[in-house]
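Asker: Chains A and B, in that order, are what the protein sequence lines are.
If you're matching positions, the first sequence starts at 1 in the working numbering and goes up one per residue.
If you're matching positions, the second sequence starts at 184 in the working numbering and goes up one per residue.
Honestly, the hints are just simulated from the structure, not real lab data.
Hints should not be assumed to be uniformly reliable.
List of simulated lysine to any residue pairs, SDA-like, C-alpha gap at most 20 Å [as the list claims (entries may be wrong)]:
1. A/K35 x B/A185
2. A/K35 x B/T204
3. A/K35 x B/Y202
4. B/K209 x A/F36
5. B/K209 x A/V41
6. B/K209 x A/R34
7. B/K209 x A/L37
8. A/K91 x A/D118
9. A/K65 x B/T253
10. B/K212 x A/R34
Just a sample of chain A residues kept apart from chain B, beta carbon distances all over 12 Å, derived [stated by the list, open to error]:
11. S40
12. D71
13. R75
14. S78
15. A79
16. S81
17. T117
18. C131
19. E159
20. P161
21. P162
22. R168
C-beta atoms are modelled at their ideal positions from N, C-alpha and C, and glycine is treated no differently.
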Amino acid sequence: MAEDTNRPSEVDEPAGAPEEVAQDDPRDQEVTRRKFLITSVGAMSGAMAAAVAVPAIFYVAGPVKEQGSSDEWIRLGSASSVETGSKTLMKATVERRAGYLTTTEELSVFVSTDNGTDFLALSNICTHLGCRVRWVEEQDGFFCPCHNAVFGPDGSVLEGPPPRPLDRFDTKVEDGQIFIRKL
Amino acid sequence: MATKLGDWLNDRSGWRTIYGTVFLRKIPKINWAYTLGSATLFAMVIQIVTGILLTLYYVPDPQLAYASVTYITNELPFGWLIRGLHHWGASAMVLLVVLHMVRVIVYGAYKYPREFTWITGVALLLLTFAFGFTGYLLPWDQRAYWATVVGTKIGEVTPVFGDTIRALMLGGEEISGLTLSRFFGAHVWVLPSVLLLLVGIHLYLVIRNGITSVPKRGE
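The shape of chain A in the complex, shown without the other chains (with noise of 0.2 Å):
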């Protein structure tokens, strides 16, 4: 039943060689012209298939690992309007490139610092949901207007939803300008 389907006997002899499938049919093992054929022909149409698809894997994959301009240092502002046991807000444009597109984004940073040489920098941006927090002095804590989140000086969860603290950046001192950088 297997055999009948496989080979429509109806449409299988080439018009110009029937002595020849004649032979090939009670030994299926050896390689006829037909089989021949019909294995090069798809070894070459999956070698035409394979020069698409793999340069297409890289090419869809090509956007993943360009972000990489977040490691790069951002001037924020001079260090010395940072106010000793204070947070001060401090703003930068960050530019960032996807694709074709560039666009520019403001980054608010809060800014403190004990000694006027070791400076904390916490994100504005809420761990929760992504709105803003104000630093409230008198209660010396950060405040998340949406969901009621409470932040300590240092960023860590005190009240609210907030699944972890603000997200600090890595600062340095040059010149006397403050830089910060993704951690």
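With the hints as your guide, set chain B onto chain A.
Answerer: Below, chain B without anything else, positioned relative to chain A:
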């Protein structure tokens, strides 16, 4: 294992009969010119695959179209290859489809009972040109812009409806973002839909009616 799976599927779909009908059909003694139709089909498949890949990055926006094409060509891995295949494949397809038509004319293969195959073939030829014309604008460079100016001016010399035809092609009086988006829409949605339908009919007819043998002297 593979044979068993094939049998299982065959019991439920009869695919072996279809395979036999499509690939193992009897053909007369013919020559290499008879491969031009298959070659055109192959070029079409290349165009579809590379075209789909290009839409992953291309945007039909007058501000961004050129930048996105540059990005594809210069920055994406193998973007040059995908775009190159689509670019040259377009020319190859026009060439092959014309040669295919010439073969059909020369061998008289358009005659009874294949007139309808011929008619769908002519429609497919015109569709191929329409693909070429609409696709030419999409890189949104100077060549694309001026080619579209010329092409739509040709439409404009149509008697009576000339102005309307040009305005319909452009989506207004001048080439604009509207022209770009409607050419894009035509190129990737309208034309392919019609193309696949007609190719289906064309191939069905080729299989149903079989192919002509090379005509003998005096025929």
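Asker: Sort out which numbered hints this structure fails and list those numbers smallest first.
Answerer: Checked against the structure, no hint fails, so every one of them is satisfied.
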